[in-house]
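Those sequence lines, one after another, are chains H and R.
Heads up, the first sequence is in UniProt numbering, so the first residue is 1 and it goes up one at a time.
Heads up, the second sequence is in UniProt numbering, so the first residue is 1 and it goes up one at a time.
Simulated from the structure, these hints should not be mistaken for laboratory data.
Hints may contain errors.
[Claimed, not checked] Subject to a maximum C-alpha distance of 35 Å in a straight line, what follows is the list of computed DSBU-like cross-link-like pairs (lysine-lysine):
1) H:Lys59 / H:Lys224
2) R:Lys72 / R:Lys113
3) R:Lys72 / H:Lys177
4) R:Lys113 / H:Lys32
5) R:Lys72 / H:Lys156
In case you want the letters, here they are:
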Amino acid sequence: MASPQSGEAYEQENVHEVYQQIAQHFSATRYKPWPIVERFLTSLSPGSVGLDVGCGNGKNLMVNRDVFIVASDRSENLARIALQHQPHSTVVADILELPHQDARFDFAISIAVVHHLSTPARRTQAVAEILRTVKPASPTQEGGKVLVYAWALEQKNSRRGWDTGDAQDRMVPWVRKGDQPQTFHRYYHLYEEGELERDIDNAGGRVLESGYEKDNWWAIATPKTGQA
Amino acid sequence: MKVITANFVTCAVKECKTSPASFPLHFHDAELEQQELEFQPEFIRNVIPRIDWEALRATANELGFPSLPDAKPEGEALENEQTMRDLHRMLLETHVSEGKLVCGNCNHAYMIKEGIANFLLPSHLGEIYS
């Protein structure tokens, strides 16, 4: 885990630079949206405008062409791959400093992203930053919805086999295949049961629905309003 | 970067978000290119209610498009095919391939290179989140 002073520098070395290096191979292995993500995106009303924060290669931009998504990624190499998905748009941005107005969007997704932030404060801040961009509920409209996914500690049937009680902060290898295979290590924080919901609550969000899907914890949240 | 995108981005600097001068960002030295995209009038019709019309008028003006109507098209105006085609062409088919997006509050310039805008802040403008 990063020391408090160096969270940003630590992630630069152990997350951002790795994705720049593995972008193409990583992208070639990521082509199918996860079922809950697909359900969330297809349930949006046509014309909804939202964000995909940490869009990677943009695989979730293929789900719904009736909404408009401004996707962003910290890796320019991944953002360039995501650019191909119409009618959406892709920019390079940092999850802690999103270039978007407050309360502007109908929805946001951030799939398998917040687990790359290296301190509790940065993970909570990332969720708060996403919540800030969606419309809060008002007497006349439903609040904007945010879907967040993070890798679970409890995955004893996975290839990795981690489970309750194991270390949550990990360097996870990525083997880039090719003529000269090369191994890279990415930093991950593995979420334990209830942790994502706790972070969302601390970030000013109200959890509407949450669950576990294929080695990941997920939650759908909306900004808390005065009375909530 | 599609022109529509400028309607949904602003300065990444936290302090600028509360300043009306930070939105929309201003295009400088913009090079435009057209990329054909299938015309979907329903898409335009559905997205228009989410567009900040004042901001779009300012953007269109900076990029040298003919003036947009003062008021956002509503009701019957949304059935006018020419209006929908013009908006489709400007919002979705016109891309800014090179140039800058400049914040009217802090004057920071975000570079657009090969069609992609970069909103990462230099460390002196960013917040420190430990």
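Against the structure shown, which of the earlier numbered hints fail to hold, in ascending order?
3 and 5
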